[in-house]
Structures are given as structure tokens and as C-alpha cells.
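Going down the list, the protein sequences come from chains S and W. Counting in my numbering, the final residue of the first sequence is number 402, and the numbers go up one at a time with none missing. Counting in my numbering, the final residue of the second sequence is number 441, and the numbers go up one at a time with none missing.
Keep in mind the hints are simulated off the structure, nothing from the lab. Some clues are possibly wrong.
Stated by the list, open to error - Some, not all, of what chain W presents toward chain S, calculated at C-beta under 7 Å:
#	residue
1	S118
2	L266
3	A269
4	A273
5	L299
6	G340
Backbone N, C-alpha and C define an ideal beta-carbon position, used for all residues, glycine too.
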Amino acid sequence: MTLPAGPGGTPVTVGGQNALPLLPEGEHPNAPTVGMEIPTGPLELPAALAGTIGPFAGDPAAMARKCAGDWGARFLFLSLAGCHPDGGGQSVLEGAAVVREVLSATPVPVIVGGCGDEEVDARLFPVVAEAAFRPVFLSYAEEKNHRLVAGAALAYGHGVVSWSPIDINMAKQMNLLLADLGFPPDRVLIDPLTGGLGYGIEYTFSIVERIRLAGLSGDAALARPVLCHLGDAWKAREATDASEETWGDIGARGRRWEETTGLACLAAGADLLVCRHPSSVARLSRAAWR
Amino acid sequence: MALTAIDIYKLLPKTNCRECGQSTCLAFAMQIAAGKASIDLCPTASEEAKEKLSAAAAPPLPKVTIGAGEREVVLGDETVLFRHEKTFYHPTAIAVSIRDDASEEEFASRLAAIRRLSFERVGQRISVDLVALRCVSGDADRYARAAAAALDATGLPLVLLAPAGPLAAAVEAIAASRPLLAPPPEDLIPAAKLAAERKLPLRVRARGIDGLSVALADARAAGATSLVADPSPETPREAVAVSTNLRRLAILSRYRDLAYPSAFDLGGGFPDPFLAAALLVAKYGSLLVLDSADPADLLPLLTLRQNLFTDPQRPIQVEPGVYPIGAPSGSSPVIITTNFSLTYFTVRGDVEAAKVPAHLLIADVDGMSVLTAWAAGKFTGESISKMLAECGIGEKVTHRTLILPGMVARLSGRIEELSGWRVLVGPQESSALPSYLRRLPPAAFLSVHG
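Extracted from the complex, chain S is given alone in its bound form:
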């Protein structure tokens, strides 16, 4: 499956493997790929992130260029959290303008994430789908909103991220629902919901292993690339609390927390990782073996 790029950019192709991850067996035509999140709206960054991505707060286009350039992100996850009533309250038209800015700033593949407010997202996705002048992925379609999100994506040639709450049956059900709508399976990514290290990573680990094992043993509805968003790693107190000196330097600890979350996802079989710290791109790419 391919996440398309703009003119002059490199598309991201993942999937196609017929064996478990990290092992020199079977065929792994494409390595797992690491991208970065572009936040919008007001940011309250933990210490380990403030120094690196802090200067880009409020300028998603500049951050997109930095991520895709110096920081080596192969794709971007543009979070429109700024459209949430509690997250800055940008209008959906402002959100769509940010999408266009980011798509103009860099040709790397882009996944556009909603703001998480059901009512706002219902208005946001159709506007974003129309505003995006090249194919992107919309994140995410869940049971409640899948008709709307998949409809918007179909109308403008985008892909969707199919979301389920750490539940393999729901993950399968979502993909069957999308198939019922006639959505092309090669434009669907599975987001199984990624718990942070220490706060539910074991559930994600086992669900990703089970999705991958099911896909490999012929369950077509689960044979899709898996996307893990590592953002929850930064909700952990261990990644952000500078006051606990016995836990070691907060900068190193925060980076390690995200890196360890990502390594667990890779070991389980994730194909795409979204991280927040630039160092995670390089670190996790070192374990992204084919």
C-alpha cells in the first residue's frame, strides 16, 4: 500500500510482507516507516519536547518542512487538534487552510487527523477532503462516523485510517464496514489505538501481534498495514515529570519513553509509526528492518 506524495516527493510504501516482523524470513519488500506529528492549536509541551519542536508552535508549515527535511520524517501526521473547542477553537475553514499550507510546504505524504470532537469532526472531514489538493489519508474513521469519513475520502480520492479501541473484532468489523461502502482496501490503514509505555502498551502489543498473525494466515479483512501513533507515550508521568531525579535526566527519559513505545510496536508488527520527538525518527528507523 502506498501513501502518495506530492510532485518531487517520495511516496511511502508499506505492507506486502508474508512473515512476522524483524525476522530474516519470508518476504518484507517494504520496511516499516517513521513519520512525525505536526501539532496545531495551543501546545503544552513536556520538557523533553519543548526545546526541539517548541520553536515551531503556531507554524505548522515551517514545522512540516523541518520534519520532512532535517529530521528525516518520511510522512507527516497533521493533527487538527486546533479545531477542538478546548484546543484553540479554530474554524473548520481555518483547519482546511492549515492542511493546504502543509501540503504546499512539503511534498511528503500526509495523514490528516481530526480534532477528536465528534460534532466538529463531522464538519471538518468533508471540508478537509475537498481542500486537500493531493491525495492524503483521513484519520480516523470509526464505527460511528465511518460513512461520513469514508464518503469524504472516496469523493476526493483520499485514503482512510480505520480506528478501533484495542479490539481485534472491532478492527475487523471496521474494515468490513468500509468494504461494504465500496472503499478500496488498498487505501485503508489500521489504527489499533496505541497505549503508551506503562499505560497499556501491552494491550496494543498483543492486538497488533494478533492482527498481523490473522492477516498472515489469510484473514483478508485484517491484512492491512498497521499505524501506531506514539503520542500517548508523552502522557506518561515518567516521560514528563522532571521532579523525579531518581528516574534520570528528563530529556533522555522522555525520548527513551517514546522510543521504547515505538520499539514495542515494531516488535509486534507495526508498519507506520508516528512520533513527536525528532530523535525518535532516527532511533526507530534503526530497527525498521525489512
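Using the hints, position chain W against chain S.
For chain W alone, coordinates are given in the frame of chain S:
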């Protein structure tokens, strides 16, 4: 492979004598197959049956113990390849290294640093398990003294990374603590003889699966029985591949000659040791030796281990009770949820994100999520009212208003009737708590007396 109930039934006397406590031999066979009964309960079982059943019951990966007493470390004894198939039993043991040529001061401060690598998480203590003592001096007396000092200072079992001479001297000094002997490949035979004589565990190091099958056979021939296999990979990628292969040979192929817990020395010049360690915790490493004693490295590794080695069939539970979030006062909101750890952490995180101080009531529902507990009849108007009356929250707040998870809104009437508390129905999803809490009027929590 494991025997089925029918396979076992064929080996039983089929007399339905009930001596085993089961009503029929078939019922007994099913109990054995499920691992709930032992063939020893059958007074008339043949020797052949006993032999076959105990061979089938032996774990595909043998158990190796290092150390003694409460710091004993158990490696191996696993039965599945994926944690969702059953569970992983024995967490990857983590050893932090120390060199015997360090000055007395450096040595003591390094040991103190290793001792501090112990953290409290979700009511459990997670700690580094062993000290790996590297012989760099080549001096047998010095090494033996260092071993005694390391044991004395930390109480942790030791991995003795040393050539035959110093190894023997250290064993003389601390054999009772049951260290793991870890000689270089060229000293395998004398170390294996020492391990056999002292009944100590031995790490066998050789290159790859091929090297190990020869070296492990040599160690067995020298009389050593309690073995750990180190395939000495050169890269993280090779480490993960060979670790997986060893475990598959043990579990799937029941290939006894190579079925041993694995060990990896990620110190010295090993490239990207942290990355290798995290992947090996996820992928079948039984024992890892690390040179880093930085808590910023060890806390994430120990947390990953704690997560992956929890039993997926038994959710981690949080201690029921009243949890303060922020610095709540008598007029702060009271929120209730269940004691499934993931539920607790999600709700706690969302309340913290709201930056509204609150009292979080964690109900005892045997570690189920809100909806599951409601469906199972454990999270009910009765049980919630009982908790409100007994947990002491009445003395902590002056109001009588409870925020109930939106999923179980239907319980509100019963709670108000039984407890006298007013119920506010919270959001369906915990993620909506921040905006919900910020929008609550302070009048919602006015004192009932004022």
C-alpha cells in the same frame, strides 16, 4: 506436543474408580489436559502412563534458577510464543555490569547506582535483578574479593563473567549465593566441570545456533545440567532473529538439545544496546547484561518488561479506594470509576489533563472495565452506594454529588435512592472529561450543610 484429553484417557485404567476425586476417567483426563490435576492422583495408573504424562508435562523450555532466597531469579519455563496464547511466566532478567578493575571508590559508587535501579510502579516494585561482574583485571584474588563485595553491597545474585581461574576463585567465595557462571567460550569445559561439581547454573556462549548446539553438548558431557544459551550475536537484528529461532525450536519443535533460556551480553562494544534490549524484552530474551546504569535507560526497559509479562487473562488491578488528583478540597468533584488498571490510568490521566483537582473513587470490581463490570453485576447502584457510605469520602467533601461514567447513566436513579447522593451523569468517554469538568458550575459542589 501436549497430549489431548483423549490421548490421556487412552493411558488411564478406564475403571471410573473415582479415587482421583473425579466421577469418571474421562473427566480426570480432561482435568490433566487442562493442567488442573496430576497423574499422581490416580492410584492404578501404569508406569508407562506416568512416564508418558510427566514427559509431556515437562515445560518445553526448562527452568533455570540463579541466586537463592527472595532474590532468586527464574529464567525459562515458558510454554507459548505469543503472550495472548496464554501468558509469559518469567520476565526477562536484567543484569547491570560492573568491572573488577575499578578503584574501590568507583566500585562502591557503581554498586550504589545499581542498587538505586529499583522503582515503584502500579503498586509493584520493578528492579534490576542481577549484577554482572566483568573480570578485566585477570587477577583471581581481586575478582573473588570483588564478587564478595558486590554480593554484600547489593544482595543481588551475580553473573560471573570471567575466565576459568578467577571464576573458580569467585565460586569458592560466594557459591552459596548460586551465581551464574559465564566463562568465555575457550574456558567452557573447566567452567562446565565446576558448574557440575557445585550444581551451579552455567551460561554457554558460542556463535549462533550451530555453535551453540556443539557447545551445549560439550557442557552437558562435562556434567553441567542447568544451562543458559548465549548465541553471541553481533548486531541487534541478529540478536532478535536468533532469540526468536531458539524459542521456536524449544516451543514448536520441542528440540530439547537447544531448548534453554537465552542470554545476551549487550555490553562492551555491542552496537545500540538499548534498542537491542527493548526488542529482546519483547522477543524472548531470558537474560540481558547491560553496561548502562542510567535510570533513564532502565526505567523504560523495566516498565516494558512489567507490561509485557503481565498475564493478559488477568488484568492488573488497582487498589480500590479514594485517590486524590491534584490537591482536592471539600468542594472538589467526586468521580467514580472501576479498578481495572487501564480504566484507572485513562480516567486519572484525563482528570489530570483537566487541571481540576478531584477525588477519584476506584470501585472494587475485580479489575473489570466499567461496562464489563456493569454487565457482570459488580458495578451496581447497590455496590456504588455501599462504597459511598464506607470509603470515607463523606468526611473528605462537604457536598454530596457524584459524577458517574456516562456508560452506566441508568444506575443514577438507584444510587440517588439508596445513598442520598445526587448523581451527575458524566461523559460516555473518559477523553471528554477535561471539557466536562471545566464546564461544571462550582455550584454543583456546594456544601450540603451550608
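task = List, from low to high, the hint numbers that the structure doesn't satisfy.
result = 1
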